[in-house]
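Colleague: First to last, the protein sequences are chains A and B.
For the first sequence, this note's numbering begins at 1 and goes up steadily by one.
For the second sequence, this note's numbering begins at 1001 and goes up steadily by one.
Derived from the structure by calculation, the hints contain no laboratory data.
The beta carbon of each residue, even a glycine, is placed where N, CA and C say it ideally should be.
Do not rely on the hints blindly, as some may be mistaken.
Just a sample of chain B residues kept apart from chain A, beta carbon distances all over 10 Å, derived [as the list claims (entries may be wrong)]: (1) Thr1037; (2) Val1162; (3) Glu1175; (4) Thr1180; (5) Leu1210; (6) Met1299; (7) Asp1381; (8) Phe1405.
Example chain A residues on the side facing chain B (calculated, C-beta under 8 Å, incomplete) [said to hold, decoys possible]: (9) Ile105; (10) Lys107; (11) Ala111.
Distance condition first, Cα-Cα at most 20 Å in a straight line; then the derived PhoX-like pairs of lysine-lysine [said to hold, decoys possible]: (12) B:Lys1151 - B:Lys1077; (13) A:Lys128 - B:Lys1212; (14) A:Lys194 - B:Lys1359; (15) A:Lys85 - A:Lys49; (16) B:Lys1265 - B:Lys1077; (17) B:Lys1212 - B:Lys1172; (18) A:Lys106 - A:Lys31; (19) B:Lys1366 - A:Lys194; (20) B:Lys1151 - B:Lys1172.
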Amino acid sequence: MDWMKYRFIYFAISLLIIIPGVYSLFRYGLKLSIDFTGGSNIAISITDKDKLLDGLKDYSPEVISQSGNNITIRTKTITQEQLDKTQVTVSAFETLGPAMGQETIKKTIYAIILASTLLLIHISRAFKQLKFGVSAIIAMLHDSLVLLGSFSLLGHFFNIEIDLLFVTAMLTVLSFSVHDTIVVYDRIREMTNKKHGMDIRSMANQALSETMVRSIVNSLTIIFMLIALVLLGGDTTRNFAIALLIGSISGAYSSPFNAVPILVTWDQFRSKK
Amino acid sequence: MKNFVLVLVLTLICAYINLPFTISRGFRVLNKDFQFTLPKPEINFKFQDKQIKRSLDFKQGLDLRGGVQVTLDADMKDIPDDQKNTALESVKSIISRRVDLYGVSESVVRTSVGGGQYRIIVELPGVSDPQKALTLIGQTAELIFATPVYKDSTVSGQPELVDFQPTELTGKDLESASLTFESQDRQPSVSLKFKSEGSDKFSKITEAYLNKPVAIILDGSILTMPTVQSVISNGQAVISGSFTIEQAKLMATQLNAGALPVPIKILTQKNISATLGADSIKQSLIAGGVGLITVSVYMILQYGLMGFISIIGLLIYALITATLYRLIPVTLSLPGVAGFVLSVGMAVDSNILIFESFKEEKRDGKPTSVALELAFGRAWDSIKDANAATIITGLILFNPLNWSFLNSSGTVRGFAFTLILGILTSLFTGVFVTRTLLRLFIKPKKLLIKKSDH
Chain A
1 MDWMKYRFIY FAISLLIIIP GVYSLFRYGL KLSIDFTGGS NIAISITDKD KLLDGLKDYS
61 PEVISQSGNN ITIRTKTITQ EQLDKTQVTV SAFETLGPAM GQETIKKTIY AIILASTLLL
121 IHISRAFKQL KFGVSAIIAM LHDSLVLLGS FSLLGHFFNI EIDLLFVTAM LTVLSFSVHD
181 TIVVYDRIRE MTNKKHGMDI RSMANQALSE TMVRSIVNSL TIIFMLIALV LLGGDTTRNF
241 AIALLIGSIS GAYSSPFNAV PILVTWDQFR SKK
Chain B
1001 MKNFVLVLVL TLICAYINLP FTISRGFRVL NKDFQFTLPK PEINFKFQDK QIKRSLDFKQ
1061 GLDLRGGVQV TLDADMKDIP DDQKNTALES VKSIISRRVD LYGVSESVVR TSVGGGQYRI
1121 IVELPGVSDP QKALTLIGQT AELIFATPVY KDSTVSGQPE LVDFQPTELT GKDLESASLT
1181 FESQDRQPSV SLKFKSEGSD KFSKITEAYL NKPVAIILDG SILTMPTVQS VISNGQAVIS
1241 GSFTIEQAKL MATQLNAGAL PVPIKILTQK NISATLGADS IKQSLIAGGV GLITVSVYMI
1301 LQYGLMGFIS IIGLLIYALI TATLYRLIPV TLSLPGVAGF VLSVGMAVDS NILIFESFKE
1361 EKRDGKPTSV ALELAFGRAW DSIKDANAAT IITGLILFNP LNWSFLNSSG TVRGFAFTLI
1421 LGILTSLFTG VFVTRTLLRL FIKPKKLLIK KSDH
């Protein structure tokens, strides 16, 4: 099957997903959870619960503990004045710093940059050509953008926040994506060794045909697990499972439909010159 | 066959370590009573006169199990108002560093400000010795070099030690501290390296107090009071005393982590419940179970007997991983479990790769046993490169050298550690265990692979 014939359609599909996401990233940014921003703890009597929840509804209030008639409510960071406006008798009020500083996000980005560089070297060495490394990394960055973009949109429209677990989900997806790409590349490498003189386009087509069953089987096993987690799992793990689900679908797509087509396009571009 | 016995023995050992309770059963054979007891395993042995004892239960993180929450109150009375928040932040970062260095994985350190109080809240999962952790967190690690002041005693006629006169040299002049062993008697001690300014101060002190004692005081207690033997100008010193290795290591850790800018005291210490909530964990476990069963059914439908054997291989894989988690021990939290699930996914993938290659070789008309070996050989290339890539990512996230521009937070590390461990185990089970089982059980006649006979 001539998979490569439609390669610009694959790129178009990717762009269709990425562009709104990236637009949303710049326009609305990411909705950070209390893990990153810190928040306030307010202890009140249970009779005032609804009044306070209503008064602070813009600050995502959440009941975190209850003992007897006293409850503790956690919100985004608020000031004393904002609290006074609710006219609720407060028995204790404190402002908590973030569990994980925003530098965690920065450090994760550094980690991704360092990982990309080392993976570029590793893949280019394993497959003896730079273009393999570059296209695998582009596919990996594609998945990061898809995930970040979708969560920016989900945050804007459905109030889904980026928490500590999102960072983990992101890293999981990147590993998965590169893993998948290398498996497809391995087929092309095998053919290069076995059948000399075959052009990259035919090799890519054959590699995709041969690995498509594996890719689908493998992705489905992971997607089954995640759908089970999204549907059956608890509230606190749902966002995590959604992030992994979006990421693994993107990761499964990007290997055959981004990494390999980029490889082919790169080669044709070079030979035209 | 030899390999199969090895796999079997390994599986039994792992199964035993995972035994959740003591099995005790009496039975009667040939009119004789036998008592059969298999105790719940734990680590309990003597090593160089030291009793090492530890339970082999899973350590669970704050999100799954809860832990100890310690609230520390920072004494801000000497700090100007506009610097209080900065001071609190720096206390927080020093405490985080100490907790990370102490090796309590998956801990949370946060600040809390309210009602004129400046506090630090530290949450530690599954700490077996909260007192020890508290000591570490709470110590100000203030190192001073002081000279003893003597007064002639009226009672004994001997000079009596009455006070210490601090010198200019303090922990601030320290560049690094590390555990070392003395060259003569191999006693654990702490070696100090001073910054250049500190080296000058130290050189002057040793010159002024040559052949006299100088005290090294940490947080108000005298660590050691050696007599200065010679002038030391290279900025190196060793604190020795009768320390155990742990004491010396802890001291080096505290000195490295630096002194706190403000005094702190422990306000409260309480146990906290799991942040994720029991329902959430239970639902997620059910979901995980449903997912695993779906994957197993799928593998068996797709690959028949081979699929079944690979599921057995995966069960052994899960057993080995659980054993390692108990032995090391690994603190399990949701990100850690994600790392594990990802490595399971990659282990399944290794199997699928091998089976697909096997089918191709069969299609080319190779006999079963040859096809199996060829399939393993071919799949190995891609398994090797793909897993190497994952290990590279894992190592960067784990940040073993503690590079400051990279993450050292417990959550990300926990994920990276279980991922790396999972990959290494899956390479072993995927290549050795599954291969041994397949060689033994896949005979040409028993082969039940669909779509392989055309």
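Colleague: Now tell me if each hint is right for this structure.
Modeller: These are the hints, each one checked on the structure:
1. Chain A leaves Thr1037 of chain B outside its interface by the beta-carbon criterion, the shortest separation being 39 Å against a cut-off of 10 Å.
2. Taking the minimum C-beta to C-beta distance to chain A, about 45 Å, the non-interface status of Val1162 of chain B holds against the 10 Å cut.
3. The non-interface label for Glu1175 of chain B is consistent with chain A: the shortest C-beta to C-beta separation is roughly 24 Å, beyond 10 Å.
4. No Cβ of chain A approaches the Cβ of Thr1180 of chain B within 10 Å, the least distance being about 31 Å, so the stated non-interface status holds.
5. Distance to chain A confirms Leu1210 of chain B as a non-interface residue, since its nearest Cβ pair spans about 47 Å, more than 10 Å.
6. A beta-carbon of chain A is positioned within 10 Å of the beta-carbon of Met1299 of chain B; the least distance is around 8 Å.
7. With a least CB separation of 6 Å from chain A, Asp1381 of chain B falls inside the 10 Å interface cut-off, contrary to its annotation.
8. The beta carbon of Phe1405 of chain B sits about 5 Å from the closest Cβ of chain A, which is not more than 10 Å, so the claim that it is off the interface is violated.
9. For the restraint placing Ile105 of chain A at the interface with chain B, the shortest Cβ-Cβ distance is roughly 10 Å, beyond the 8 Å limit, so the hint is violated.
10. Interface hint status for Lys107 of chain A: upheld, as the beta-carbon distance to the closest one in chain B is roughly 4 Å, under 8 Å.
11. Restraint check, Ala111 of chain A versus chain B: the minimum CB separation of about 5 Å is within 8 Å; hint holds.
12. A threshold of 20 Å between alpha carbons decides the hint, and for Lys1151 of chain B with Lys1077 of chain B the separation of about 36 Å lies outside it, so the pair is violated.
13. Taking the CA atoms of Lys128 of chain A and Lys1212 of chain B, the gap is near 67 Å; set against the 20 Å cutoff, the hint is violated.
14. A distance of roughly 18 Å separates the Cα atoms of Lys194 of chain A and Lys1359 of chain B; the hinted pair therefore holds under the 20 Å criterion.
15. About 15 Å separates the Cα atoms of Lys85 of chain A and Lys49 of chain A, which keeps this hinted pair within 20 Å; it holds.
16. With a C-alpha separation of about 14 Å, the suggested pair Lys1265 of chain B and Lys1077 of chain B falls inside the 20 Å cut-off, and the hint holds.
17. In summary, the hint linking Lys1212 of chain B to Lys1172 of chain B is not supported, as the alpha carbons are separated by about 24 Å, beyond the 20 Å threshold.
18. Note on Lys106 of chain A and Lys31 of chain A: the hinted pairing holds, with a Cα-Cα distance of about 16 Å set against a maximum of 20 Å.
19. Proposed proximity of Lys1366 of chain B and Lys194 of chain A is supported: the alpha carbons are some 18 Å apart, at most 20 Å.
20. Using a Cα cut-off of 20 Å, the hinted pair Lys1151 of chain B and Lys1172 of chain B is violated, with the two alpha carbons roughly 30 Å apart.
Of the numbered hints stated above, those contradicted by the structure are hints 6, 7, 8, 9, 12, 13, 17 and 20, listed in ascending order.
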